[in-house]
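Asks: As a plain string of letters, each chain reads:
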Amino acid sequence: MDTTGTLFFPPGGSTYAGDVDSLFYFIYYASAIMFALVIGATIFFIIRYRRRQQTGKTYGKDHNFALEVTWTVIPTILILIVFVWGFRSYMRMNVVPRDAMEVKVTGQKWFWSFAYGSGASSVNELVVPVGQPVKLLMSSRDVIHSFFIPNFRMKMDVLPNRYTITWFEATRTGEFDLFCTEYCGQGHSEMIGRVKVLGEREFSEWLDAGSGPGQGESLVDYGRRLYTSRACNTCHSIDGSANVGPTFKGIFGRQEAMVAGGFITVDENYIRESILQPQAKVVAGYQPVMPTYQGILKDRDIDALIAFMKSLSNE
Amino acid sequence: MAATITAPAPNYLNATKGWKSWLLTLDHKRIAILYMVAIAVFFLVGGVMAMLIRLELLNPGRDLVGANTYNKLFTLHGAIMIFLFIIPGIPAILGNFLLPILLGARDVAFPRLNLASWYIFMLGGLFALYSIITGSIDTGWTFYTPYSTQTDTSVVSMTLGAFILGFSSILTGLNFIVTIHKLRLPGITWYRLPLFVWSIYATAIIQVLATPVLGITLLLLVVERLAGIGIFDPAMGGDPVLYQHFFWFYSHPAVYIMILPGMGIISELITTHSHKKIFGYKAVAYSSLGIALVSFLVWGHHMFVSGQSELAAMLFSFLTFFVGIPSGIKVFNWVTTMYRGSIVLNTPMLYALSFLFLFSIGGFTGIFLGALAVDVHLHDTYFIVAHFHYVMMGGTVMAFLGGIHHWWPKMFGKLYNEFWAKIACGLIFVGFNVTFGSQFILGSQGMPRRYYTYVDQYQPLHAFSTFGSWILGAGFLIMAVYLIHSLVKGKRAGSNPWYSLTMEWETSSPPPTENFIELPSLTHGPYDYDKVLPINVEPDGKPAKLKEAVS
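For the record, the sequence lines run as chains A and B.
Here the first sequence is numbered in the numbering used here, starting from 2 and rising by one per residue.
Here the second sequence is numbered in the numbering used here, starting from 1228 and rising by one per residue.
Since the hints were derived computationally from the structure, they do not count as laboratory data.
In the BS3-like style, the derived pairs of lysine-lysine whose C-alpha atoms are separated by at most 30 Å in a straight line are: (1) K58(A) x K1649(B); (2) K1716(B) x K1641(B); (3) K1244(B) x K1718(B); (4) K1772(B) x K1641(B); (5) K1758(B) x K58(A); (6) K1772(B) x K1718(B); (7) K1769(B) x K1758(B); (8) K1244(B) x K1641(B); (9) K1772(B) x K58(A); (10) K58(A) x K1769(B); (11) K1718(B) x K1641(B); (12) K1769(B) x K1716(B); (13) K311(A) x K282(A); (14) K1509(B) x K62(A); (15) K136(A) x K299(A); (16) K1758(B) x K62(A); (17) K58(A) x K1718(B); (18) K62(A) x K1772(B); (19) K1299(B) x K282(A); (20) K58(A) x K1641(B); (21) K311(A) x K299(A); (22) K1509(B) x K58(A).
Based on the provided sequences and hints, a complete structural model is requested.
Replies: Okay, here's the thing in structure tokens:
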């Protein structure tokens, strides 16, 4: 298993990545040879049969049965090989091993959340053990998304009206990119997560720890950590710049005009309501696009985020 | 001296005058020019948007516009290029101009319907314009549900625009089918038709059979948005994947609406400029029909990771490979046609050779995408973007440009500057490969398409691609200058500057309104370069031999 990557591929990290790459290179070299023949013949003919001073009638034979059969049969055989190889590998990628660990994946504008059987959960960070098959049971809360891990050569659409299922088995520890590859609107290109592959022991430690403030971590620091780990930062800046949503800088205590008219002073209850029922009172000038965090953030998480926002107003 | 010059016979361009004579014309050649002007404007708009997209992608994050504007730009670039440029392009311009002439007919079967098609086309274009003015659209040209049912941009007017454009396409196809069946000059049998006519015929069949499905699909989308009837949006009880099936049932055959006419042009360019009989006439002719037929059975290859069943995926993968074989056979036939020919590397031929090079790459990279396991990795990445640009732009647009340069002297009776034309062709070829060749690697490295910003590791290749777009833009700019210059100051062209044997070169350049003053003699077939030496009638009326055409 290469870990450096090649011209065409990022380094592989799943059990079937090597197979996909091999088929890719088989097609690549077969095509390159045929392409070289076609272009080579073209260049040779251009040079050899360039029109010179005078020209007359040209060669009139327009059939060659042997030649035509050859250039029909050989490509047909090659593509049949590619078809069968591609299909067999595809089935391997689609049939989930029976002992796979299941993770529930939810896609929504514009982040991924993951729920584990043990009750642990995470946002934009899929944590899995190395060397164990992981089954992904996926659905969307709004539009279609697509779950893509380039290093694993895996991809599957995530639909709002039913579950899609895929699986992988990571072959080495490390961190990998996770992209959304079905266009889903303004934040599509920022719907990016990480896949963290841990050793078996580190993984079970991670499962046990779950989320929550670390030892000696202040509520504000924990809120700051949630701000990125729960993907608030996709839409809300902390430096005052406008984004999909209002900036958090100085938000606590600020008077905001509402889409529905009137003003509201941002306090603890308004923040809580906006996290759990984002469409209830939307700030003027912004789209009602925020998804609910009901079931994703616990009360202590919301407390921490409020503390974090307060700290941004005191600076 | 003045006394001895007889006024040149009126041609279709100067037979009648005034804007009314153009806007109410029933002459297929003038209607072709009307399409040409409109489509050139759309191509310019779509092209400028492409340049802006590439500029924005020079660096991650914001270079030029915000995410929402970017999303609208790539949507409009796709929708304009597909519905307003590449689908109508070759059939409506070159097909309209050439088809009746190649059949020895005076006009298409239904000249009034032909003009109506242009007005319907313009109406569709106006709907698109209205959509752009009223908030534009950010769904991608595919209008995938449920995003397209939920976004608050102008989806309804844009889809209605595409719906209306579909009628223009259907009516043009219908007109061409009837024309080819009923208006061939006695003696022009099917196997004496130029291959361009065969490809236009195959295209017309797809236009008539597939476009109604797109119309129905887009109408259902409009009904869902306006009346709230759940068809595709799960929030209302619909199924979003159903939309994808409907959409690709049209839009995959539509890929062949785009490429088949281009293939027809290549057959004409290579035979004329190699001065050689086409190798395997029937194989090339029937492969067009074969492609048209199989094209209806492969739509599911756009949906290998959409959650469709493994059985469906297997069948679609299998059938996809079999649409590749006829295209491959055509390429082999074109190359073999050059064997023992008399090849001249003028601008149309350079575009034909560019086509062979780029379309082959487009075709070979299609094999990667037809292979199920590999497609899972490459789907919806820049590899797809590169692949379809190699087929659509490297294929169809190169053929279209080759066709425009080939028939320009016939259409306007003027020669363009060959030196600048070759420079522009070279810039476009190099710029194209820099822009899109790099995107294959971006894609297989994992860069998803339709991304406003991206992770840092992709920056160098994105920058490379953006530089390519500047070379490409420079090529098109030069082309616009020398083509317009040729209309004003170009040298007058003879009837047959390329010494071709197809019938359009037997009439004067530009042709008279009735196409032929005397009916063509039909003493030879379109590719009988082994039997006949063609003659060019110079602007001064003197017939010229072939060797004088070579500098």
